[in-house]
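Undergrad: All chains, full assembly: derive it from the sequences and hints.
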Amino acid sequence: MSQKNRLAQGGRIDRNKVLNFSFAGQTYKGYEGDTLASALLANGVDVVGRSFKYSRARGITGHGSEEPNGVIQLGSGDSTVPNVRATQQELYAGLVSNPVSGWPNVNFDLMSYLGKAGAMMPSGFYYKTFMYPQKLWMTYEHFIRKAAGLGKAPTAPDPDTYDKLNQHCDVMVVGGGPAGLSAAYAAAKTGARVIIADEQNEMGGHLLTFDQTINGSSGSLWLAEIVAELSAMSNVKVLCKTTVMGYFDHNFLVAIERRTDHLGERAVSGTRQRSHRIRAKQVILAAGAQERPLVFANNDVPGVMLASSVTTYIKRYAVVPGHKLIVSTANDSGYLAAIEWSKAGRHVVGIADSRTDSDGALVAEAKALGINVWFGHGVTEVKGGRRVYTASVAPISVQGDRVTGDTQHYDCDTVATSGGWSPVVHLSCHTGSRPVWSDDIIGFVPGKALQAQHCVGSIVGDHQLADCINNGLETGSKAAAQAGFGEGELLVAKPSVEWLAEGKAQALFLVPHKKNISRAPKQFVDLQNDVTAAGIELATREGFESIEHVKRYTAMGFGTDQGKLGNVNGMAIAARSLGKSIEETGTTIFRPSYTPSTFGALAGRDAGSLFDPERYTAMHQWHVDNGALFEDVGQWKRPWYYPKPGETMQQSLNRECLATRSSVGILDASTLGKIDIQGKDAREFLNRVYTNAWSKLAVGKCRYGLMLKEDGMIMDDGVTSCLADDHFILTTTTGGAANVLEWLELWHQTEWPELDVFMTSVTDHWSTMTISGPNARKVLAKVCNDIELDKDAFKFMDWRDGTVAGVTARVFRISFTGELSYEINVPANDGMFVWEAVIAAGEEFGITPYGTETMHVLRAEKGFIIVGQDTDGSVTPYDMDMGWCVGKNKEFSFIGKRSFDRSDTQKTDRKQYVGLKTKNSDEVLPEGAQAVWDPKQAIPMTMVGHVTSSYYSAVVGRSIALAVIKEGHSHKGETLYFPLADGRVIEAEICDYVFYDPKGERQNV
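Per this note's numbering, the sequence shown runs over residues 1 to 1005.
Think of the hints as simulated: they come from the structure by calculation, not from any bench.
Do not take every clue at face value.
[Claimed, not checked] Here are the simulated DSSO-like pairs of lysine-lysine, each with C-alpha atoms no more than 27 Å apart in a straight line:
(1) Lys522 / Lys383
(2) Lys907 / Lys966
(3) Lys514 / Lys383
[Unchecked claim] Estimated spans, in silico, between C-beta atoms of each pair:
(4) Gly345 / Ser231: 33 to 39 Å
(5) Glu745 / Leu490: 43 to 49 Å
(6) Glu745 / Ser695: 20 to 26 Å
Note that the Cβ used here is the ideal one computed from N, Cα and C, for glycine as well.
TA: Take a look at the structure:
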């Protein structure tokens, strides 16, 4: 297909490199340097999508990140990417693209017939219509979601790789237009480290389309020279194709660089995209401004475009997107589109300027070219389906609020609109600063800076090229000085820049129609979400006065473009409807990401095994070699149980439990969290974070402790040992180690920074093996001869330094099984050696390795809790019958203590920790089963608790269970019922939670 809209010469494209591509199944040609949008326009493609709500035909409107309509599905198969802007996607050979909406195709969409009933689908339509009958909501939701989606997410793994790079600089410049380039250049000349990023494929901004004279020569020459010099500087990093998507606290910015998106569907080599995590001493926002369209009837029809975009396609891509042009403008900028259109040899029907007059240079040039200029007029309506064919032009009042005369109709296929320029304040909003309305600029500008931030150029309303360059140089020098480079003086000369005379712009947002807003054809404010001026007025009539509420009720600014084109117009329309000024109405706040960012770029290499690494203990290979099956505990692979050939899981557990109780078993406990705590205030710190007292714990002793959240609920537990008066080793649950360390650091750094205490995770430093059972002492004695193991010399809850199998070790006499137990800790590098030595020493006693499931059974027989299984964040120590672990006489409170005085924690009907014995001793209760007193009660039954742990115990000879039951401590001996999903009801008796050795004699032998 021929490129019927391509000019024979001009543009910044390489005509020697022809690229074939496809859109909606049709094959087209373009050139290297094209975007997908410019190539589609060159080939005369008018319709690129369908609107969100009404399924109206939509064409290309803009030329950059502001584009609301040209959102496409890029690529195919596992490398497909949804919702890519055609205006930002550079063309490459073989590019495959498809619309994200339209069925059966984008040119003929059956949903558009539903859209013709637009009067029946006003703002709030979904909220009001699909409420009743309630039972049909799931049906409604299915069809709504099917109709509303934009693009399809890939279902297969992404074949490309992405990476992240941490960067530090003295000055970060966002925006590569004249202001940004000048600022970066001035800062770099002081010796400061500078990063400059721009989302376009080349630096230059406005100078890429409008060539003004600088130093007596072409502005493009100045641009080429400054970019070349910046690129050559060792202290400057120039990042094209890079969108700064977020600006966060402490001058931390995230920028996404599209490294190979322009080369092909997949990255042949290297990474597809890179996330730059930038920390800057000073930040300069030079993001420029985006042209704002005028709102008028049927302004969404393909062929209605931004005036600056029309200019861009002609100048940068040598594409004239039509034949007969009408311009509707409220400022001088719109004239440039008509001038370039005329110079390209196409017909300009006329320029409808809402102002009464203008003495600007562009106005004079347009008149000199013989272009009709209709002052005091506006385009009030266009007609067309898949393309504009007529525009209605009418005289309007000086205030721009009503039509004052007869309407004239002109044949045309393109309408270029310019309602002014909206500074790109998005990044400044990310910091929490609210934009401020400026009547002079007719736009919102960045509010007060909350960190080391500067703004320059069109973002603050300085649209003159001379102001952009000169203020950019001054701002760059100032920022560098504040970063510690220079005194703020300019080290470069200011260039001589042509001054462009401009007429005063008019604050026009909605072009009036002969009919009132609610009766006129649809006047679109947000093109992506089909938000109309009538919809905004309806929202205000229905009581939504906050602009944030208007946004949510109408969906204005909700799309992937974040309201870049429509928000200011929408706020102005809302303000007028409310009888307020735009300043009083305010604006919504923009949040990251500035433009849609891929999950791949945000994740980088942190995917698959690098996202959730598998952690192994030093003895992992031994477990594998000995047939262990594993379970995931946190990120650790822990042996679950060790089946022998022909054994069921229950048979394996019975064997492991009986062997441990009758002789000796060994457990790999290396995964338990270990936090080294040191400092002169370590004891006081422990007193504050644990419920029990630590002031008098002697060196060589251990103590069990409970840790609570502020609400008094159990958070974690573990044993802490005193190594010295100012040195402790704290253990946590395997899955809770990271959270506990973060919790401790949070309280130390934010609440008690005066305490001299330091915490270090040492979980990976140690291999830990626990030997339990009546013969544990005998096994340890065979590999340890420098620790006196007599029960009186080495008591329960003591620890000792010594050697095990010739390796320096710490041995703790603590027990999670209720048996005589020793926990051996050795340096991780020696873990396998010592493990094998202990196994060899235990052979004559039939030492049996056991896994986490047997550990659970053994501790459940003793009634020991597992935090996160028997607790769920809603139980206190008193609920778990652990009041003995709460210190009553501490000088300083502990975290969670005050919550014990709340009325809800003192209620008598709280769930309490108990044991359960099923009436059928072989029947094992499912964990999570809900308890009721009356199994015949009508549904919904009154549930009084649930099963937290449940096992068959070969040692006890029956099933055992642990549970939390309302007032359970006072109901021991009574029967509960557990209705199951399969219709069965299991009876169980409430009993004590200790099923084995209730006096604890076996661990003290």
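Undergrad: None of the hints should be skipped; say for each whether it holds.
TA: Structure-based check of all given hints:
For the hint pairing Lys522 with Lys383, the CA-to-CA distance comes to about 11 Å; that is within 27 Å, so the pair holds. The suggested pairing of Lys907 with Lys966 holds, with an alpha-carbon distance near 10 Å, which does not exceed 27 Å. For the given pair, Lys514 sits about 15 Å from Lys383 by alpha-carbon distance, which is consistent with the 27 Å threshold. Gly345 and Ser231 have their C-beta atoms about 36 Å apart, which keeps the hinted 33 to 39 Å range intact.
Here the CB-CB span from Glu745 to Leu490 is close to 46 Å, well matched to the stated 43 to 49 Å. Between Glu745 and Ser695 the C-beta distance comes to about 22 Å, which sits within the given range of 20 to 26 Å.
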